[in-house]
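Can you make the complete structure from the sequences, with help from the hints?
Protein sequences, first through last, are from chains B and F. For what it's worth, the numbering used here labels the leading residue of the first sequence as 74, then goes sequentially. For what it's worth, the numbering used here labels the leading residue of the second sequence as 484, then goes sequentially.
Rather than coming from a laboratory, the hints here were simulated on the basis of the structure. Source: prediction; values computed, not measured. Where a beta carbon is used, it is the ideal one built from N, C-alpha and C, also for glycine. Careful: at least some of the hints might be erroneous.
[Stated by the list, open to error] The calculated label-pair distances, taken between Cβ atoms and stated as ranges, are:
{"hint": "1", "chain 1": "B", "residue 1": "Asp192", "chain 2": "F", "residue 2": "Lys1184", "range": "27 to 35 Å"}
{"hint": "2", "chain 1": "F", "residue 1": "Arg729", "chain 2": "B", "residue 2": "Val139", "range": "13 to 21 Å"}
{"hint": "3", "chain 1": "B", "residue 1": "Asp192", "chain 2": "F", "residue 2": "Glu855", "range": "46 to 54 Å"}
{"hint": "4", "chain 1": "F", "residue 1": "Gly765", "chain 2": "B", "residue 2": "Pro90", "range": "57 to 65 Å"}
{"hint": "5", "chain 1": "B", "residue 1": "Thr197", "chain 2": "F", "residue 2": "Arg798", "range": "53 to 61 Å"}
[To be verified] Listed next, the in silico DSBU-like pairs over lysine-lysine satisfying Cα-Cα at most 30 Å (straight line):
{"hint": "6", "chain 1": "F", "residue 1": "Lys1085", "chain 2": "F", "residue 2": "Lys1125"}
{"hint": "7", "chain 1": "F", "residue 1": "Lys793", "chain 2": "F", "residue 2": "Lys1042"}
{"hint": "8", "chain 1": "F", "residue 1": "Lys672", "chain 2": "F", "residue 2": "Lys733"}
{"hint": "9", "chain 1": "F", "residue 1": "Lys756", "chain 2": "F", "residue 2": "Lys733"}
{"hint": "10", "chain 1": "F", "residue 1": "Lys806", "chain 2": "F", "residue 2": "Lys716"}
{"hint": "11", "chain 1": "F", "residue 1": "Lys893", "chain 2": "F", "residue 2": "Lys756"}
{"hint": "12", "chain 1": "F", "residue 1": "Lys806", "chain 2": "B", "residue 2": "Lys213"}
{"hint": "13", "chain 1": "F", "residue 1": "Lys1138", "chain 2": "F", "residue 2": "Lys756"}
{"hint": "14", "chain 1": "B", "residue 1": "Lys213", "chain 2": "F", "residue 2": "Lys893"}
{"hint": "15", "chain 1": "F", "residue 1": "Lys716", "chain 2": "F", "residue 2": "Lys732"}
{"hint": "16", "chain 1": "F", "residue 1": "Lys732", "chain 2": "F", "residue 2": "Lys567"}
{"hint": "17", "chain 1": "F", "residue 1": "Lys1083", "chain 2": "B", "residue 2": "Lys213"}
{"hint": "18", "chain 1": "F", "residue 1": "Lys1042", "chain 2": "F", "residue 2": "Lys676"}
{"hint": "19", "chain 1": "F", "residue 1": "Lys756", "chain 2": "F", "residue 2": "Lys793"}
{"hint": "20", "chain 1": "B", "residue 1": "Lys213", "chain 2": "F", "residue 2": "Lys676"}
{"hint": "21", "chain 1": "B", "residue 1": "Lys213", "chain 2": "F", "residue 2": "Lys756"}
{"hint": "22", "chain 1": "F", "residue 1": "Lys716", "chain 2": "F", "residue 2": "Lys1125"}
{"hint": "23", "chain 1": "F", "residue 1": "Lys567", "chain 2": "B", "residue 2": "Lys213"}
{"hint": "24", "chain 1": "F", "residue 1": "Lys567", "chain 2": "B", "residue 2": "Lys152"}
{"hint": "25", "chain 1": "F", "residue 1": "Lys716", "chain 2": "F", "residue 2": "Lys672"}
{"hint": "26", "chain 1": "F", "residue 1": "Lys672", "chain 2": "B", "residue 2": "Lys213"}
{"hint": "27", "chain 1": "B", "residue 1": "Lys213", "chain 2": "F", "residue 2": "Lys1085"}
{"hint": "28", "chain 1": "F", "residue 1": "Lys1085", "chain 2": "F", "residue 2": "Lys1184"}
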Amino acid sequence: MLTLNVNGRARSIDVEPEMPLLWVLRDELNLPGAKYGCGVGLCGACTVHIDGQPVRSCSLPVSEAVGRKVVTIEGLAAKGLHRVQQAWIEHEVPQCGYCQTGQIMAAAALLANNPHPTDADIDTAMTNLCRCGTYLRVRKAIHAAANDLSAASTGKA
Amino acid sequence: MTTVSRREFLKVSSAVGGGLALQIGFPVASRAAHAAESAEVNAWVVIHPDDRVVVRIARSEMGQGSFTALAQLVAEELDCEWSKVSAEFASPNEHFRRNRVWGSMSTGGSQAIRTSQDYLRKAGATAREMLVAAAAAQWKVPPDQCTASAGTIVHGVTGRKLRYGQVASAAAKLTPPTDVRLRDPSAWKIAGKPVHRLDIPDKVRGKPVFGVDVALPGMLHASVAQCPVFGGKVNSVDGAAALTMRGVKKVVREDDFVAVVADNWWRANQALKQVKIEWDTGSNSQVDNQAIAAMLRDGLEAPNLPQARKIGDARAALASAAKVIEAEYQSPYLNHATMEPQTCTAWLKPEGFLEVWTSTQAAESSMTTAAEVSGLPLDKIEVHKMMLGGGFGRRGAPQDFVRQGVAIAKAMPGVPVKMMWSREEDMQHGYYRPASVVRIKAGLDVQGRLTAMHTTIACPSISSVFARNARMPGGIDGPAVRSFGDMPYTVPHQQVDYAQRNGHVPVGYWRAPGQQNAYYRESFIDELAAAAGKDPVEYRLAMLDPSDKNRRVLEAVAKAASWSTALPKGMYRGVAVADGFGSYTALVAELMLTPAGEVKVKRVVIAIDSGYVVNPDSCRAQAESNVVYGLGAVLYQQNNIKDGRIVESNFHDFKLPHIDEIPQVETVLVPSGGFWGGHGEAAILGLAPAVCNAIFAATGKRIRALPLSHQDLQPI
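Structure, rendered in structure tokens:
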């Protein structure tokens, strides 16, 4: 048995240590927010946070997540919506939406590490693929969420 | 009991969930799914006592936004409060049992709104009149003394009011009026506005809305392998090693695919790699790019081809033209590459009822495919429509995923099985945008004006794949001759010949089917403008009738892009105009070249006339989507054929654009009224030619084959 910390809860699972985290989340823990897109870490639809960093869960053996904090889209906001999710709604970012949970997790990690990313920072951090082509709105929503953060921190929210 | 209600589904799911927090948010519609006190005023409109309005949606949602826009049209005529509106998919089972009450469920060709707006608006208006009549009856006054607005009926004389929720049950019992007046779009309050999309909040929360998200009690998972050479069959299967692997339940052998069923998709897919499959690859295992090119080129030389258009005498006019310009253009096969791979969950229940959950653009076809494979009648089948993780035409006519999903369910009776393809399987078993080659000959007069154009198109026929020539009057495949057979330019002598050359690679409706022709035509017109020494916009305008809507969007885009103003040094631009899918579009692309010859598209301006605009923000989003989708095909996408199979396997060799490659997109909506056009595809038509024409401006090199990754480009 392995024990994972997922969204703040201890979860015991009996799986092969080499099983990618994505399939533990989706098929064992019934957390389908992280998506399968390529299986080889290229598209980012499976992005989750591990100890606050964005990780492609399709390519991470579950054994490497043991002892670390795993956060999925289902646990991104303690309650309600994370400001990135709010910005995503406000700017109508998703189209089909399939890649968007990964995009949101990548954006949330970017803002946690860099509250005011430049366009170049966004280019570097947001390597997720989107077939619908929502990239312009992804960028706009990240900037908007960054401004929400600064408004909140100065008491103007 | 012929369908499973949401309530029953929830109960079963949570009972077997073993305390896991099962999130059930699947769209399921049936009368039973609604609380008994809600009232179905008509097939489209359900009203709850607390005034919540549920609009039934027959078309699929794949990101284009019509789940919301269709609800806007119904709500507009119903005249309810938009904040009280939600939408749900209509049940395909109920659809057939009620004599196809929701009309077409097919979602393709940018048709969701334009081919259903009339009956949807009437449904809303009819429901409103029934609500008014019910209120009038309760007050014992004539209905024409009452008005309805924002979910409330008012009796004008006395000022009495009733809310829709208070009279919905009574209204539902009335005979619907047969003649209702629709509101003029200029008076719209809900339609025409950029309301927030109804499906987005669930999507940003990661709610299980997609086909791959289905979770059922005791559900197993399947991964599939098909013959890498299209058309091949299974010869032999040795699943012994796979069956010893953890979690593996069964190796399913069908005529043309093998599936491994396991308790987890990763285990199924790992085990599939250990199944020894011998394929009978058939006669196509030698086919490669060269063979495809030779097949198409043979079509260009064929005599007596079917003609998609003949105006005047192009051959004679070419023979006497002052100048003749000739060019050949070509395009490769392209996969749709939906982010969600093909998937289908099917459950053949002991009582002889089949439930299917899938991401489909054509739910009626999903139903009939499930019936064919299962042998069950349609009333013993339900297809639950899930949100699509991208469609782009892949999930419409080909219902291969449903065929496989149901076949697997038959092999595992009583057990729900979720089948999903690996990305590699998805890349190599598509229904590809056809490869094609065209030869165009143009005759110019001494002023450089286009007097004659003879186009020969060699291209596989998508229609013949799906309809066995049924939709090919005169031997002409509609998508294959797009943009030439209906070219708007007033050229006195035109001939368009079509050589159907199908090959063994399956072809399908890839976003804006036939769009390659818009690339060919608008690039070639640019060649002619250059040869004539004319401005590309002016050259086109001179060939467009004053009343042609193509002229209007071309003028609009030229204005919005400041076409007549010089660009900064190092920036270049190109233009294209094209109509299709009911709409008229024109694009200007601006780009620069890096010293290494890499193309960087910086700005795209689009003008669209779709007649009416139901949700302007969704329309803009679709324009942005078309630019990005088209850009990948321009820059680097190509599916090569070798040994009868697709060479590419994943996103490393079939690249999608990243965020740093995306140009600024400015969309100018210029709806002129009087017709209904689509937004899902039209804006992609002009993208490739506008970019390639800008490359010509930058380099002097004419791009006659895509993708650009094959081109050696240097700035002039």
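To see whether the hints hold, each was checked on the structure:
1. Asp192/B <-> Lys1184/F: 27 to 35 Å: 30 Å Cβ-Cβ, so the 27 to 35 Å window holds.
2. Arg729/F <-> Val139/B: 13 to 21 Å: holds (19 Å)
3. Asp192/B <-> Glu855/F: 46 to 54 Å: holds (52 Å)
4. Gly765/F <-> Pro90/B: 57 to 65 Å: violated (42 Å)
5. Thr197/B <-> Arg798/F: 53 to 61 Å: The hint (53 to 61 Å, Cβ to Cβ) holds, given that Thr197/B and Arg798/F are roughly 57 Å apart.
6. Lys1085/F <-> Lys1125/F: violated (35 Å)
7. Lys793/F <-> Lys1042/F: Violated. Lys793/F to Lys1042/F sits at ~34 Å, over the 30 Å cutoff.
8. Lys672/F <-> Lys733/F: violated (56 Å)
9. Lys756/F <-> Lys733/F: OK: Lys756/F and Lys733/F at ~14 Å, within 30 Å.
10. Lys806/F <-> Lys716/F: violated (53 Å)
11. Lys893/F <-> Lys756/F: Measuring from Cα to Cα gives roughly 23 Å; hence the hint holds.
12. Lys806/F <-> Lys213/B: Violated. Lys806/F to Lys213/B sits at ~50 Å, over the 30 Å cutoff.
13. Lys1138/F <-> Lys756/F: Holds: Lys1138/F and Lys756/F sit about 25 Å apart, inside 30 Å.
14. Lys213/B <-> Lys893/F: violated (48 Å)
15. Lys716/F <-> Lys732/F: Holds, because 23 Å separates the two Cα atoms, which is no more than 30 Å.
16. Lys732/F <-> Lys567/F: Given that 30 Å is the threshold and the Cα spacing comes to 47 Å, the pair is violated.
17. Lys1083/F <-> Lys213/B: holds (20 Å)
18. Lys1042/F <-> Lys676/F: holds (25 Å)
19. Lys756/F <-> Lys793/F: Roughly 54 Å separates the two Cα atoms, so the pair is violated.
20. Lys213/B <-> Lys676/F: Measuring from Cα to Cα gives roughly 21 Å; hence the hint holds.
21. Lys213/B <-> Lys756/F: violated (42 Å)
22. Lys716/F <-> Lys1125/F: Cα-Cα ~18 Å, so holds.
23. Lys567/F <-> Lys213/B: Satisfied, since the Cα-Cα distance of roughly 29 Å is no more than 30 Å.
24. Lys567/F <-> Lys152/B: Distance ~24 Å between Lys567/F and Lys152/B Cα, so the pair holds.
25. Lys716/F <-> Lys672/F: With Cα atoms ~57 Å apart, Lys716/F and Lys672/F exceed 30 Å; violated.
26. Lys672/F <-> Lys213/B: holds (28 Å)
27. Lys213/B <-> Lys1085/F: holds (16 Å)
28. Lys1085/F <-> Lys1184/F: holds (19 Å)
Of the numbered hints stated above, those contradicted by the structure are hints 4, 6, 7, 8, 10, 12, 14, 16, 19, 21, 25, listed in ascending order.
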